[in-house]
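Novice: What follows is each chain in one-letter form.
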Amino acid sequence: MRTMIELTDLTFDYPGIRALDAVSCRIDAGSITALVGPNGAGKTTLMRCLCGLERPLAGRISVDGIDVIDEPRRSHERLGYLSDFFGLYEDLTVDRCLRHAAAAHGMRGALDGPVRDTATRLGLADRLDQRAGDLSRGLRQRVAIAQAMIHAPRVLVLDEPAAGLDPEARHTLATLFRALQAGGMTLLVSSHILSELEQYATHMLVLEGGRLLEHRALAGMSDQRRTLALTFSGDAAALAARLGARSDVQGLDITPARAVFDFAGDERAQAALLRDLVLADLAILSFGPASSDLQARYLATVGQHRAGA
Amino acid sequence: MNPELQRLLWLEFTPSRLASVLLALGAILGLGWLMDGQTIGPRTASFALAAFAIFTVAWGANQVGQSLLEEMRARTWDQQRMSALSPWTMTWGKLAGASALAWSAGLIALLCYALGHRDGTDLRWMLLLLIGGGVLIQGMALFGALLLLQRGPAGRSSMALRLVGGLVVAWAGLAFVRRDAGLVDWFGTPYPLLPFAAVVICLLAAWIVYGSHRLMCEELQVRTQPFALLAFCVFGTGLVAGFLIDADTAPTARLWLVAASGLVVALAVAYFSAFALRGDPLLPRRLAFDARRGDWTRIGAALPLWLVALGYAGLCALVARVAVASVAVPLPFDFILRVPAGALPVFLYAARDMVVLFAIGCTVRAGRTELVALIYLALAYWLLPAILTLGGAGALGRLLAPMPWIRPDAAALILLGHLGLAVAWARHAYLQRVRPLTAATGSRS
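Line order of the protein sequences matches chains Y and W.
For the first sequence, the tail end lands on 391 under the numbering used here, and the numbers increase by one without skipping.
For the second sequence, the tail end lands on 525 under the numbering used here, and the numbers increase by one without skipping.
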């Protein structure tokens, strides 16, 4: 898969604090990467550096082959960004807000089509003549997202995009992100609500203390790695031994009634594993994907890191 | 159309604003017309000038500054920084868009002034002066707003001050130019005041707009090299030296005066840059990192402007120091005679102050550095020497603040000692500031 974003030894210092410490990773085109980590992990700094809003001490950032540090303005034609604390031009109508955003991102010619299409995707078609300052919090959030994506950027970077949205709007947003991904767009989304990210994220990038702890595909992605959970009423030691002997099982976390582990295999291999466990008479009660793959992986990664430290 | 210009035109030309401006302008011009006996005469011209100063200079400058500061208050500036607009497009878009309504009113006022003017001044030069002055004040507002943007949230009070300042400068300039129709002696050549002032004002307006563009480049993360600052120092040197040199000045004395002018201009620029521009306590770290990689483009772009201006000042001080030894002719002013003799100590004073300001930037929380720096300057130049002198320790006072023009070489030696101490303090303050980083990352830092 083609690399859309490449970070190489990205280092960013605030006076007395290292916000990013030699972060390197490659993000595939067409993926939705959940950027997660505790407060102060460096998520917003990473996003702002990626968008050319902050200049790092060292390292390189490439977006769609463009060096963001050397050519920030050119890279902005390929980038869309929604800040955590965004603002709108309150005195302009939604229509004019979107027209300005499109023109400012280098779109030329008739803007009626892009404005109408973007407004429709965000459920703003009937609000185009309304002043941005008169909109509710949720609608303002949608206008801000529309401004960030009206120029059809290759990469969309969103910092807490669902903050302040009601459940229905969040669901709409998740559907929109999946549609953008299906259209080939690459998304990097930061949020503390992991269950929400799980609805659309294909990859997870974990930061803590400015360091990259993990960058991996989530369930259903190309490497077929997924987190599975099973409940049982039999012998935990026998189950642990059985699973531990398999090369396609890793990260086993077992309690007297439940086991969670990473499984590297397709659906047929998953069915074969279940058959194997049932035939071994291990009293399996339930078997399937862990209810919250992202949350489980995040907690496991951060836990391992802190234990190591 | 420039998207930023378009956005600001949407905001400026609303029916209610247009009606208010036309009403107010009509009232001012109508009053003059009535006082002239219902004809366009000298009083109408005076009222038109007042209208121009109110609408274009004061209100226009306020609109230009606010157009930028409002972006920060409304948190839309990141969106603008994420746009694909070039720094120049953004600069002229803001300048022209935010002042479009003010200029519309101002041009109507200038038309009335042109029709009614009877004061004997050359109308073409007067119009050039007024338009150049309007651009200069508005450019200053944009420049000031960009400086405030670097420093975080800014209140309206600063804009109000700028507005009042703009009015005062505009009125003072107009009164001076209209009252005195004499000549200006520049490099020994007499020039009529009005054309000379008009050209200088237009050149300064061009410089302030270009300076705004350079600050905009910094805001938009576009790297620039410090050549523009050096060019401005050369321009300032020439402008100031022209007033000091006359037809009778000997060639060596001319060199002396040019160097002294350069020193004064460069030091003004250096102090302004050190106080007004955003400081970076991590600067040595960035420079060292880029130097290790041999990335001279980045080093040039990262150099603080006060350092560049200080370099220019150092060059001028050296030239003045060399020239002073060979000059044997009297100079026009006694004060000017003394300054070149003390050029090197004056430069060393500034170098010491710049290093101390950097150390303060490393030590003091952002936002308080200016206040602490001002206290330092007051202590170093005035309070401590005065206390020591009054307390009978005059020798110690002279060690703290040696006079550059009394035994300049001794003063230079003492100030070299000051500079050494300042560098040691700055190094210590810097290491304290970055210690958490070096502790966390070891040799990689």
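These are calculated hints, taken from the structure and not from any lab test.
Please note that the accuracy of each hint is not assured.
To give an idea of the chain Y side of the interface with chain W (calculated C-beta under 8 Å), a few residues [claimed, not checked]:
#1 L170
#2 A185
#3 R252
#4 V384
No residue lacks a Cβ here, since even glycine has one placed at the ideal position from N, Cα and C.
Novice: Take the hints in turn and mark each one as holding or not.
Specialist: Status of the hints after comparison with the structure:
{"no.": "1", "hint": "L170", "verdict": "holds (7 Å)"}
{"no.": "2", "hint": "A185", "verdict": "holds (4 Å)"}
{"no.": "3", "hint": "R252", "verdict": "violated (22 Å)"}
{"no.": "4", "hint": "V384", "verdict": "violated (19 Å)"}
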